[in-house]
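Participant: Given only the sequences and the hints, what does the whole structure look like? Please build it.
Residue numbers (my numbering), protein chains in the order written: chain D, 1 to 353; chain L, 1 to 353; chain Y, 1 to 353.
Please note: incorrect hints may appear among the correct ones.
Note that identical chains are pooled: a pair holds if it fits in a single copy or bridges any two copies.
[Unchecked claim] Straight-line alpha carbon distances no greater than 30 Å define the calculated BS3-like cross-link-like pairs of lysine-lysine that follow:
hint: 1; residue 1: 183; residue 2: 291
hint: 2; residue 1: 303; residue 2: 168
hint: 3; residue 1: 291; residue 2: 228
hint: 4; residue 1: 283; residue 2: 102
hint: 5; residue 1: 183; residue 2: 168
hint: 6; residue 1: 242; residue 2: 183
hint: 7; residue 1: 291; residue 2: 303
hint: 8; residue 1: 303; residue 2: 255
hint: 9; residue 1: 283; residue 2: 303
hint: 10; residue 1: 168; residue 2: 281
hint: 11; residue 1: 168; residue 2: 283
hint: 12; residue 1: 228; residue 2: 183
hint: 13; residue 1: 242; residue 2: 255
hint: 14; residue 1: 303; residue 2: 183
Since the hints were derived computationally from the structure, they do not count as laboratory data.
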Amino acid sequence: MKKQTLVAIAALTAAAGAMAQSSVTLFGVVDASVARVSAGSVDVTGLSSGGLSSSRLGFRGVEDLGGGLAAGFWLEGGLAVDNGTGGGFKFDRRSTVSVSSKSFGELRLGRDKSPAYLNVETFDPFGDIGVGGINGANLVGSASSAAGTAEGSAPKRYSNSVGYILPKMGDFSGQVAYSFGEKTSAIANDSMGSGIALRGSYTAGPLNVALGWGKSRGGTDAVGVDYKSTNFGASYNFGVVKPMALFATEKGGNKRVDLFGFGVTIPLGAGELRASYAMFKDKNASNADSKKLALGYGYNLSKRTQVYGTIARMTNDDGAKRGLAMSSSSLASPSVANGANVTGYEFGVRHSF
Amino acid sequence: MKKQTLVAIAALTAAAGAMAQSSVTLFGVVDASVARVSAGSVDVTGLSSGGLSSSRLGFRGVEDLGGGLAAGFWLEGGLAVDNGTGGGFKFDRRSTVSVSSKSFGELRLGRDKSPAYLNVETFDPFGDIGVGGINGANLVGSASSAAGTAEGSAPKRYSNSVGYILPKMGDFSGQVAYSFGEKTSAIANDSMGSGIALRGSYTAGPLNVALGWGKSRGGTDAVGVDYKSTNFGASYNFGVVKPMALFATEKGGNKRVDLFGFGVTIPLGAGELRASYAMFKDKNASNADSKKLALGYGYNLSKRTQVYGTIARMTNDDGAKRGLAMSSSSLASPSVANGANVTGYEFGVRHSF
Amino acid sequence: MKKQTLVAIAALTAAAGAMAQSSVTLFGVVDASVARVSAGSVDVTGLSSGGLSSSRLGFRGVEDLGGGLAAGFWLEGGLAVDNGTGGGFKFDRRSTVSVSSKSFGELRLGRDKSPAYLNVETFDPFGDIGVGGINGANLVGSASSAAGTAEGSAPKRYSNSVGYILPKMGDFSGQVAYSFGEKTSAIANDSMGSGIALRGSYTAGPLNVALGWGKSRGGTDAVGVDYKSTNFGASYNFGVVKPMALFATEKGGNKRVDLFGFGVTIPLGAGELRASYAMFKDKNASNADSKKLALGYGYNLSKRTQVYGTIARMTNDDGAKRGLAMSSSSLASPSVANGANVTGYEFGVRHSF
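Facilitator: Structure representation (structure tokens):
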């Protein structure tokens, strides 16, 4: 997707030769869809803020410091297109400042995605968004601190983090991040809420494989409980079809849930077919597994604009109540009873700038 | 008012011929005034965030998709210039994504003004803002869900809406919007909070006439009560003077209030004189009518900057307590006792970009 | 620091000659540091959002109206880089609209810094930010309405203000601002929360001296208590060293605290050494004084990017419990017991655009 760049007066007025290239970029995604989810006999219909990509607005820039060194910032916040950002616009998706070098890599301070979460959205055709997104079901964790959602046992994003991204080494990439718990030493467990995560990936031509791992000391949960997440994903782009697979497991507090996901994207006309199948295995409770099937098609009106439709179904065991997610600040999926199956669909338009 | 456009790198780097014209625009209004309102023997003075136009900041863009088709977005939020946006900046004025065509019109998803509200602000010289604004008095509805204000019996804006704007057909324009209530089918009345609204207008040379209609299923009020609003406005620009008239009625829950408004704008020097007279008729209570008179002058320092002053008076029957509005997050009009008359004035500066 | 300017379409499409120069500028600072503060035996470590400058994002513009007259706006809000702006982004640092003239000065409406606060940050090498900042200790006022912090007995910023800045008169500058309390006349003391402040400065070559004075009618404190602050600062730039001194006193409600500050900045290589020493004298309590020492170095990677480190120590008398500040929405300094000494350090990177 093409980005709009604010023309830098730095560039316009730069003294000849003395000043390096710099830019500040305004960017965003505005995505809205009409969505419907049925859980058992109860359904709800409304407008979702993003069935394909999270709606967002951001500013980012990079300054060439010379000698291969660069400084940069990234401020990106989520938009609720459906109701105009209920709780106030925030740069909650990413707020970072960084110094980077081609030789030494990048040091990044602020709020950013956890390296341990990237695979979960990378190796699913629907990413982590919309009724088809892998994010609709919790792995380990209570409802209020769902794994794979915000700030729980396996947080999607790290606040108060220091991250280090390795320089590009052939086909291999790697990164690590630490998130401060910011508790005083007067508290019994002053590492509460802290987290550490790693990711390594290997990308050679059409092949992409990656491993992620993270540990969080239960921030919103009991003091002293460590939650661990491990995930592995792979995709291979044959051109006419791109299959992908994801394995993810999260454990902590005597619970463990495994996720096996299989997906495929197929270029079709000016668009793309998407399909995914996922199995959620609760390793500590019997009869508490779920299966999810999602199908979708997106048609590109341009490189920046896509109209799309998605349909998904979650089949729950008698002891499971996993649902489907809708990305909206006001549209909530109906609550799911144990063993109820859930169906959802949405169609919408995504515009990037 | 001139808009500033962020120069699109899309345009700067576009491959020859292949790429259509696109732009992202930053725009806004910063308006502040010193305002004073007296209700009976009590008065208050302070800084209002916009006596002439609501202060705002926004980003919007359009992408030419070729073949007469276009995609666009609009993100616009209100500013509280007086105290720096108390509750956090939000794109609460408009958050939409749309696909449009010269032949088929525009499909618009998100949060937008209700078509049923547009006449109320179009056919008043002071619009819906400041001590002179038509918005200072409720029609039907409780204090907390005032008609003609936010999200009440006749909401100013629709969240979760799907709108359709007809293509231009000669001198006629038309649009319709539906706002999802987003209640689950488990709730007795799952259309609660939903709304539908229409508007048609005819504009030929100096003449502008428009009809609006809307129905809301009481969102913040009792379940199952439908509120209906109907309004009709006309203006004719003679050049030396532009008279306008507005009739609006709202009813629901055994209440009905009618509004008759008459206004005029007169170009004078580098500015404009404004005057309006309005009568509020409570059709279900006797001795509960009000009359409002507002006078103002705005002097244009440029096309983008105006200094202005407004004075207004609301005369209440013994059983009425309609007030005057100030557009501020911290400056509240004093409460009005039954039968008390209210006087307000403000002078300020509005700058657009 | 170089600013990025959004290219104005006004300039691009201006009719020949008719239109004056205008611009809208996007600007900001993204500053993050790893910070640690120890108070007695308790310490806390985490990520601070700005150890050198407050992180911020803003839009500002000026329109040349011709004849020496100009209109302008300034919208600037604080960023919490550490966690993505917890409570929502706001234009809380400055939200103003103004009309100015070279002959008559500037009239400014909205939210802005109090003239009585400017010296406190101007004549300290660390300004009012970070563990080294002068802002870490309260002068007069309760903990919740700390002098020199937000909206207390000597507010840093005025909401609802009308300010007037004198035109440049030789080496002398002056300004005054009034902040409306916005209480109705039905309240016993309707000037509650209001404030008035003045500042005059004289700048001739390397010399800079300034006097500030302000009075606030206790907004968050008892009705009818006036708080007064007076401060005086001076600096002289010898080139190889720039010494500075600050005297500030605040009184009200039978309390008075004096501050004597001495600082120095020394250019060193591509950076700057900073040192400050401050004494806080409680004039109404015995054995309640404190001393603060701060040392720092900042290295400029470019004009826009600096890496820095600061170390500071507050030494409290037995009856004092002044602390050190960290600029973070989630990282709070440990509470300080009476007589405990406090040590803090941080190192970070600041990037401006």
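Participant: Each hint should be assessed against the structure and marked as holding or not.
Facilitator: Quick rundown of the hints versus the structure:
When the C-alpha separation of residue 183 and residue 291 is checked against a cutoff of 30 Å, the pair qualifies only between copies, where the shortest distance is 27 Å, while the shortest distance within a copy is 39 Å. Proximity of residue 303 and residue 168 under a CA criterion of 30 Å is satisfied in both settings, with 28 Å inside one chain copy and 28 Å between copies. Taking the shortest Cα distances, residue 291 and residue 228 sit within 30 Å of each other inside one copy (23 Å), while across copies they are farther apart (46 Å). Taking the closest pair of Cα atoms, residue 283 and residue 102 never come within 30 Å of each other, the shortest separation being 44 Å inside a single copy and 57 Å across copies.
Proximity of residue 183 to residue 168 under the C-alpha cut-off of 30 Å is found in neither arrangement, the shortest distances being 35 Å within a copy and 50 Å between copies. Taking CA atoms no more than 30 Å apart as the test, residue 242 paired with residue 183 passes in neither setting, with 45 Å inside one copy and 39 Å between copies. When the C-alpha separation of residue 291 and residue 303 is checked against a cutoff of 30 Å, the pair qualifies neither within a copy, at 33 Å, nor between copies, at 56 Å. In this homomeric assembly, residue 303 and residue 255 never come within 30 Å of each other (Cα to Cα): the closest approach is 43 Å inside a single copy and 52 Å across copies.
In the homo-oligomer, the alpha carbons of residue 283 and residue 303 never lie at most 30 Å apart, since the shortest distance is 43 Å inside one protomer and 56 Å across protomers. Taking the closest pair of Cα atoms, residue 168 and residue 281 never come within 30 Å of each other, the shortest separation being 36 Å inside a single copy and 56 Å across copies. With identical chains, the CA atoms of residue 168 and residue 283 are never at most 30 Å apart, being 38 Å at best within one copy and 61 Å at best between copies. In the homo-oligomer, the alpha carbons of residue 228 and residue 183 lie at most 30 Å apart inside one protomer (20 Å), although the nearest pairing across protomers, at 37 Å, exceeds that limit.
With identical chains, the CA atoms of residue 242 and residue 255 are never at most 30 Å apart, being 33 Å at best within one copy and 62 Å at best between copies. Taking the shortest alpha-carbon separations for residue 303 and residue 183, neither the intra-copy value of 46 Å nor the inter-copy value of 35 Å comes in at or below 30 Å.
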